[in-house]
Amino acid sequence: MQVIQAKYTKFLYPVLLCFILLPLLESNLNFVDVKRLNGAVVGKDTIPVFSFKKWFSGSFQSQEEKFVNDSFGFRNICVRINNQVDYSLFNRSHSSDIEIGKNGYLYGTLSMDCIYGNDFLGTASISRSVSKLKFINDTLAKLGKIFVLIIAPHKGLVCPEELAEYPYPFRDTTNYEVYLKLLKQAQIHVVDFNNYFKTRINKTKYPIECKTGVHWSSYGGALAGDSIIRYLESVLHIKMPKPVWGDMNLSKAKMHDIDAEQTLNLLFDIPSPLMAYPTIKYENGPDAIKPRAMIVGDSFYDELAENGIGNVFDKSSNYWYYFTNYGMKLSRNQVKDEIGQSNVVILLTAQYNLARIGWGFVDTTYCMFKNINSVHSQEESRAEKLEDVKEDIKLNVNWLRQIEAGAYEKGVSLDSAIKGNASWIINNQAKN
Amino acid sequence: MVFSSIIFIFYFLPLFLLAYLLIGKNYKNGLILVASIFFYSWGAPKFIFVILGTTLLDFFLVRWMSNTDKRFYRRLMLTLSVSVNLGLLIYFKYSNFFIENINGIITSVFHAKEITWTKLVLPLGISFYTFETITYVVDVYRGIHKPLKNFWDYQLYIILFPKLIAGPIIRYHELADQITDRSEFETNENRLMGLYRFAIGLGKKVLIANVMGEQANLIFGKEYGSISLYTAWLGALAYTFQIYFDFSGYSDMAIGLGKIMGFRFPENFNNPYTSRSITEFWRRWHITLGNWMKNYLYIPLGGNRVNNKFRLYFNLWLVFLASGLWHGASWSFVFWGAYHGFFLVIERMFLLKVFDKIGKLLSTLITFIIVATGWVFFRVEKLSDAFIYLQHMFGPKFIGGHLIGTDLRFWVLFSVSILFSFFTFFKRGQKIQDTVYFDSYTVSRHTILASISVILIALCSAAITSTDFNPFIYFRF
Numbered sequence: 001m002q003v004i005q006a007k008y009t010k011f012l013y014p015v016l017l018c019f020i021l022l023p024l025l026e027s028n029l030n031f032v033d034v035k036r037l038n039g040a041v042v043g044k045d046t047i048p049v050f051s052f053k054k055w056f057s058g059s060f061q062s063q064e065e066k067f068v069n070d071s072f073g074f075r076n077i078c079v080r081i082n083n084q085v086d087y088s089l090f091n092r093s094h095s096s097d098i099e100i101g102k103n104g105y106l107y108g109t110l111s112m113d114c115i116y117g118n119d120f121l122g123t124a125s126i127s128r129s130v131s132k133l134k135f136i137n138d139t140l141a142k143l144g145k146i147f148v149l150i151i152a153p154h155k156g157l158v159c160p161e162e163l164a165e166y167p168y169p170f171r172d173t174t175n176y177e178v179y180l181k182l183l184k185q186a187q188i189h190v191v192d193f194n195n196y197f198k199t200r201i202n203k204t205k206y207p208i209e210c211k212t213g214v215h216w217s218s219y220g221g222a223l224a225g226d227s228i229i230r231y232l233e234s235v236l237h238i239k240m241p242k243p244v245w246g247d248m249n250l251s252k253a254k255m256h257d258i259d260a261e262q263t264l265n266l267l268f269d270i271p272s273p274l275m276a277y278p279t280i281k282y283e284n285g286p287d288a289i290k291p292r293a294m295i296v297g298d299s300f301y302d303e304l305a306e307n308g309i310g311n312v313f314d315k316s317s318n319y320w321y322y323f324t325n326y327g328m329k330l331s332r333n334q335v336k337d338e339i340g341q342s343n344v345v346i347l348l349t350a351q352y353n354l355a356r357i358g359w360g361f362v363d364t365t366y367c368m369f370k371n372i373n374s375v376h377s378q379e380e381s382r383a384e385k386l387e388d389v390k391e392d393i394k395l396n397v398n399w400l401r402q403i404e405a406g407a408y409e410k411g412v413s414l415d416s417a418i419k420g421n422a423s424w425i426i427n428n429q430a431k432n
Numbered sequence: 001m002v003f004s005s006i007i008f009i010f011y012f013l014p015l016f017l018l019a020y021l022l023i024g025k026n027y028k029n030g031l032i033l034v035a036s037i038f039f040y041s042w043g044a045p046k047f048i049f050v051i052l053g054t055t056l057l058d059f060f061l062v063r064w065m066s067n068t069d070k071r072f073y074r075r076l077m078l079t080l081s082v083s084v085n086l087g088l089l090i091y092f093k094y095s096n097f098f099i100e101n102i103n104g105i106i107t108s109v110f111h112a113k114e115i116t117w118t119k120l121v122l123p124l125g126i127s128f129y130t131f132e133t134i135t136y137v138v139d140v141y142r143g144i145h146k147p148l149k150n151f152w153d154y155q156l157y158i159i160l161f162p163k164l165i166a167g168p169i170i171r172y173h174e175l176a177d178q179i180t181d182r183s184e185f186e187t188n189e190n191r192l193m194g195l196y197r198f199a200i201g202l203g204k205k206v207l208i209a210n211v212m213g214e215q216a217n218l219i220f221g222k223e224y225g226s227i228s229l230y231t232a233w234l235g236a237l238a239y240t241f242q243i244y245f246d247f248s249g250y251s252d253m254a255i256g257l258g259k260i261m262g263f264r265f266p267e268n269f270n271n272p273y274t275s276r277s278i279t280e281f282w283r284r285w286h287i288t289l290g291n292w293m294k295n296y297l298y299i300p301l302g303g304n305r306v307n308n309k310f311r312l313y314f315n316l317w318l319v320f321l322a323s324g325l326w327h328g329a330s331w332s333f334v335f336w337g338a339y340h341g342f343f344l345v346i347e348r349m350f351l352l353k354v355f356d357k358i359g360k361l362l363s364t365l366i367t368f369i370i371v372a373t374g375w376v377f378f379r380v381e382k383l384s385d386a387f388i389y390l391q392h393m394f395g396p397k398f399i400g401g402h403l404i405g406t407d408l409r410f411w412v413l414f415s416v417s418i419l420f421s422f423f424t425f426f427k428r429g430q431k432i433q434d435t436v437y438f439d440s441y442t443v444s445r446h447t448i449l450a451s452i453s454v455i456l457i458a459l460c461s462a463a464i465t466s467t468d469f470n471p472f473i474y475f476r477f
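If you're matching them up, the sequences are chains A and B in order.
If you're matching positions, the first sequence starts at 1 in this note's numbering and goes up one per residue.
If you're matching positions, the second sequence starts at 1 in this note's numbering and goes up one per residue.
None of these hints come from the bench; they were simulated from the model.
Don't be surprised by glycine CBs; every beta carbon is placed ideally from N, CA and C.
Honestly, I wouldn't trust all of these hints.
Listed next, with one range per pair, are the computed distances between beta-carbon atoms [as the list claims (entries may be wrong)]: (1) K46(B) with N28(A): 25 to 33 Å; (2) K370(A) with G225(B): 43 to 51 Å; (3) N270(B) with N30(A): 40 to 48 Å.
Looking from chain A toward chain B, a few residues come up when the C-beta cut is under 8 Å (computed) [claimed, not checked]: (4) L16; (5) G58; (6) V85.
Model the full assembly from the supplied sequences, consistent with the hints where possible.
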């Protein structure tokens, strides 16, 4: 027995030694193809250069430690192990953009704030924004053009039962609720997909939301695209190319349906039901018209584009992602040219992007039509905004009660707590 | 370079261990010495010369001392060596504190200009190795052990990298013979057990202490005026577990590394939170410091054999004031030492009898609360802030409020902390611990422990590379 034990320990110690040697060997020999991390900066860090001066100041050592920490062999696997442990055992996300809900449902962090009203702009502020939209809408109408605002569905509203517990105090109204009410009063063309998706979530043949994606599913996006085309036909009083649904490919979630999961950089895939990936062709009937469109939108438009919605618009139509052109906001002249050529102006926004609706489109277009120089943020001083939000807090019983409790805990006056909360909201809006 | 860093775990350690395994017996000490000098220089490149210089001086002072029978010269060498070592410690560790306090008096009482002073940086591990150099000269002076013949052997005793920066504080006579010959203990069995111990220590530090530390930092980083009763207690408890798993984890790693090389380092912790009194706590917490204080300060002061009780209480208190000051140059540490000294004195007076009467559970709980409260002085930099914090623990303005930053991971690891802190409260737990740490291993037990070690190292390196939060509390002492 003792002989066996002696042989075993003689074998085991070098094995363990080899285990801790592996990362060093891998970082020099790269003998294993390690899956890269999503969202990580690609490219090797610079190897610190040794000099006695740097050695004695300690800077070489700290650079080397950082370099090794960020580039040792199997680091990506280590990061994934850590993420997987925290995800599987503690429902914890290492991505600041993703919140983990129940049963493997993932939500965008921004969207969590929006659903609980923690990004609420205040009624007065939203009212001013809607007034501008109304002005844009009416001016476009005078020019014979149509303005359509599309609000993409919020996964948290469509699948609320899977939301994680929200750790912060929440309010009894949201940007979405107030915007929707005021937009309706202003008689602006609005396509709100929240209700549409909510009523169909468990009734469609294939999932319209994917638990591992932030956006609508590929299939959900295709259905939404279909509806958008029909809506545009009704408001433009034209017939547009008709989407024809071909083969439906069923597979495990991929592409945009796993965009949230990919951000988590886990070791193993999160199980999800089979997702549908439609093949859509567009038939140009004899009387079909392709309107020229100016589209300003966020990433929800990507699924529509992938399903070929661009085929129903004139070839010269443009899509401006977050109202930018190669990373730069569109200028007033660009907007003028775009609008001048277009039959329809579409603003597609996720519900959580209502807090920054249009990403500059609203102010630029408003100022252009009004022929004024100042834009919203300059026009509306911080003090005015602060008063608006303070007023909203005072009018909201639930919100006020939470702030009151916080003020008691911190031992500060209610007025100062209200001001503090309002300032926090405004600062956050500025950051976003 | 801390043990819980990627560069240590995956670069320094495997290369060193591989070389140590392959190199001939006669060169092993040389290898350890080179590795230790490199290890120390990595963290404190300028101070390596201080440590090399003082050890050279010490070595020759002690050699001269041992070569003479004249009491006067022996005492002179002893005084010189202790003065040089303590002098350096006082200079590097307490000058800033001293000048700050003098400046405080000058400006507030005399309204004069401050003394201008360039703040000194504390050499890494100076508090630990200074105490070891003192044991060398004192042990030789007392005739407990002969001095080392070879300077490099002495250098190795002082600079041995596993225990250099944060202990255990190994008294000279405990390690002397192992430096010259430890071949009997350089077995695969010991190497493996050392590696397991290292992995367990790493796990304690990275997987538990760091999580507790994040929570403690969050709470102690808040304005103390605004924290609730729950939050204040949670912060104190999180820190209580952080410091234990942090330091005991580090000690485990040091003991494990020593064992891989064939050394037998003394234990530094023995489940201190299961203590039934502060007296017992100090027999279980940072044992090697306690032993040092006892043998090189308390006993020379007269120990228990003094004429009256007040002298005994004074000596006890003095030792703990010194212990507090050893931890750091600030009034908070002094107060922390005095706080523990106070409880030790009243335990001698009457409290131990009370603890005996109220039973194991209650006395352990009370001791734990006293210790956890004491850690607030340890954690909060300014003494006045510590008292504000304590007001919220014991005289709360608000009882409710949110428990900030607490998520499932924190609560799970908080529970794990409680479990492992009080694991040996029951006999069964003690038995399991003894089996893991000290019993000889069967093949199947080796397989289980090796697997656990691999998992722990993988999980720890995964956690280390994913976060910037990896402090080590006892580094600054």
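So, going through the hints one by one against the coordinates:
1. K46(B) with N28(A): 25 to 33 Å: Roughly 31 Å apart at Cβ, these two residues keep to the hinted range, so it holds.
2. K370(A) with G225(B): 43 to 51 Å: holds (50 Å)
3. N270(B) with N30(A): 40 to 48 Å: holds (46 Å)
4. L16: holds (6 Å)
5. G58: holds (6 Å)
6. V85: holds (7 Å)
Hint violations for this structure: none, all hints satisfied.
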